[in-house]
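Visitor: Residues per chain, in single letters:
2 protein chains.
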Amino acid sequence: MNTVRASSRDRLLDAAAELFYSGGVHVGVQALCAAAGVSKRSMYQEFATKDELVAASLERSGPRYNALFLPEEADERTPRERILHVFERLEARSGSDRYRGCPFVSTAMELKDITHPASDVARRFKQQLTDFFEQQAGLAGAADPALLARQLTVVFDGAGARAVVSGKPLAGLALATATTLVDAATGGSSGETGRPRLSPG
Amino acid sequence: MNTVRASSRDRLLDAAAELFYSGGVHVGVQALCAAAGVSKRSMYQEFATKDELVAASLERSGPRYNALFLPEEADERTPRERILHVFERLEARSGSDRYRGCPFVSTAMELKDITHPASDVARRFKQQLTDFFEQQAGLAGAADPALLARQLTVVFDGAGARAVVSGKPLAGLALATATTLVDAATGGSSGETGRPRLSPG
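Protein chains in written order, with this note's numbering: chain V, 193 to 393; chain C, 193 to 393.
These are calculated hints, taken from the structure and not from any lab test.
Computed from a predicted model, the values in this text were never measured in an experiment.
Treat the hints loosely; a few may be bogus.
Note: identical chains are not told apart, hence a pair may lie in one copy or across any two.
Claimed, not checked - Heads up, simulated DSSO-like pairs for lysine-lysine below, C-alpha to C-alpha not over 30 Å straight-line:
id, residue 1, residue 2
1, 232, 360
2, 304, 232
3, 304, 242
Let the sequences and hints guide you as you build the complete structure.
Guide: Here's what the structure looks like:
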């Protein structure tokens, strides 16, 4: 692959990730090509179908999206604090005008087709977040780390949906809900972290 | 309005609710008209724009959707049992091949536009569920009924998203999570309901 082709491909993937997030995966090929500055002919040289492009752009942008929420690998905080860090980041992001929820959830919900290649990508990236929660839940002494991890993923996605539906920041709701579930699973607050602040709304 | 026109309108609204739920709000006008057995010209006599049709079909199908989850008005169960009834119904629905998540959440997530008339409809129907939770949470003696109601809505929507992303039934996850939050807010299980059964997955 020469550098010109590599560059068209990357421009397409980046433009697609941005346009699909802000406008949905039904944004047309013409708008995509215009945003990427690539001809339709070049696009179809890189991707056999638009479905393939949807999957590839989510695959490329996925690690960056999950990294927005996960704490650094080397981090002196407790497992409980590392779990709650994810929800603190979600609270912050929900206040952005450009927040449109979790791209993995919205892609799967828009496609409504579990056999679509992008639905498979979405599932794998959601599993990465659940795996992080499960690992930390185990270290935090949760009675059933796998259950707590699934519960926290449900809160993460439900809170994201609420921010989209309401058009308002979460105002502490995600953090408070996650804190309650962590405390219930680990036998209460260890006092390691401050109480979450909860604004009305 | 004569009966023929009323009937076209209803056929369009019902076909739209079904097609938008199974295929998304980006399903085209042509497919809609074909499903409803109505000409495009008739459609545009009833609805000035497709956006208007999206909002009207959600408005029409919304009460039916919420009613799938809410308990009967006259019901001898406790407030706690009435809250958990919603999650028992969600568990059951998540096992259906035709389940595509909450239509209010998916419509808002697909449109990504808080000013769209259908986003407003979605917000109002989600608020009805939250209002039900808040009323029952107050009766159940929750410390902060409004907070518990928002938390339960987050679980409802996050669990729906999880069922869509994973393509699998919830296997007790929504009910277990809701139960933990209700218990934490009301000072523990009153023993009025059986423990939720939780399957692995």
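Visitor: Among all the numbered hints in the text so far, which are the ones the structure does not match?
Guide: 1
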